[in-house]
Amino acid sequence: MKKYLYSLVLIFFLSTTAWAHQPLDLALQVPDTAVASQPADTTAQVAPSNKLSPLARKAAIPVLLIGLGVTHMDDEGLFEGSRGLRRAVQREYAGFYTHVDDYLYHAPLALTVGLNLGGVKGEHHYVEQALLLGMTHFVNRVLTNNLKSITAINRPDGSNNDAFPSAHTSKAFAYATFFHKEYGKRSIWYSIAGYSVATTTGALRILNDKHWLSDVLAGAGIGILSAEAVYLLYPKMQQIIDHSFHKRQQSQMVLMPYYSGGAGGLALVWQLR
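The sequence shown runs -20 to -1, 1 to 253 under mature numbering (1 follows the signal peptide of the UniProt record, and there is no 0).
By construction, these hints were calculated from the structure, which means they are not laboratory data. As the structure is a computational prediction, the values presented were derived from the model and not from experiment. Keep in mind that a hint or two might mislead.
Cross-link-like lysine-lysine pairs, in silico, DSSO-like; alpha carbons within 27 Å at most [said to hold, decoys possible]:
1) K216 <-> K165
2) K101 <-> K190
3) K128 <-> K216
4) K165 <-> K101
Label pairs and their calculated CB-CB ranges [stated by the list, open to error]:
5) A110 <-> R71: 41 to 47 Å
6) V50 <-> G99: 39 to 45 Å
7) H79 <-> R166: 19 to 25 Å
8) Y77 <-> H223: 49 to 55 Å
The beta-carbon is built from N, C-alpha and C at its ideal position, and this holds for glycine as well.
Use the sequences and the hints to build the structure in full.
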């Protein structure tokens, strides 16, 4: 019974992550067919909106996952916690081992390349995609590696003490979120494919006895947060670069040859306005 419960948990995280990132215009809209019998009251005050800000919506799921990861470190919390799940896995899947999880998390990147070659355009040009991916990888690696050094949690198999958070899972969800950002608006199935790969990677890390449940949950949250942060900051970076370039264009820069006293060269004249 427990193994079905754990499978349900993984499916839950996959489905909530994919659907939570969908554009608001996909929500079901019910037309109001009622005919007003009285003139509209133009003096009525508009009720203040209680909607969450875009930043809060984007941070909700990764913060929840990181919080669950922290609360499941070395305890018996919800769904029996990390140690309880490991006992169940060792009992049901004793001797399980595979190398698939070492490569599977690269699938969203391979799909991105394939879609670009096939003429399926994402939200950004492929050059910008490469830049966004590089930034996502950098942020994710900095966060993950520093947390591993700070927490120094032993792995379930005792191989070393850099378990928390799971780097494989973190990268998998970072790449899946990148893939979702680029192609999720085209079809929800792109998002489902990316997050399915990420969820499977996390599950395999537990089945291989390389990580606790807490490591995988926190890794998933950090991965999503890494990509969300990059996509949030990228437009602001573009504005700064464009503004700087515009200011440089306002100056007059002239490059001219010169010859004096038997010596020649190039003179750079930069006149600021």
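Restraint status (C-alpha distance of K216 to K165 at most 27 Å): Satisfied, since the Cα-Cα distance of roughly 22 Å is no more than 27 Å.
Whether the CB-CB distance between V50 and G99 falls inside 39 to 45 Å: Taking Cβ atoms as reference, V50 and G99 lie about 44 Å apart, which means the hint holds.
27 Å limit on alpha-carbon distance, applied to hinted pair K165 and K101: holds (11 Å)
A110 paired with R71, Cβ distance criterion 41 to 47 Å: holds (45 Å)
27 Å limit on alpha-carbon distance, applied to hinted pair K101 and K190: Status violated; Cα separation ~37 Å.
Assessment of proposed distance window 19 to 25 Å (beta carbons of H79, R166): violated (32 Å)
Restraint check for K128 with K216, where alpha carbons must lie at most 27 Å apart: violated (30 Å)
Range hint compliance [Cβ, Y77 to H223, 49 to 55 Å]: holds (54 Å)
In this structure, the hints that do not hold are numbers 2, 3, 7, in rising order.
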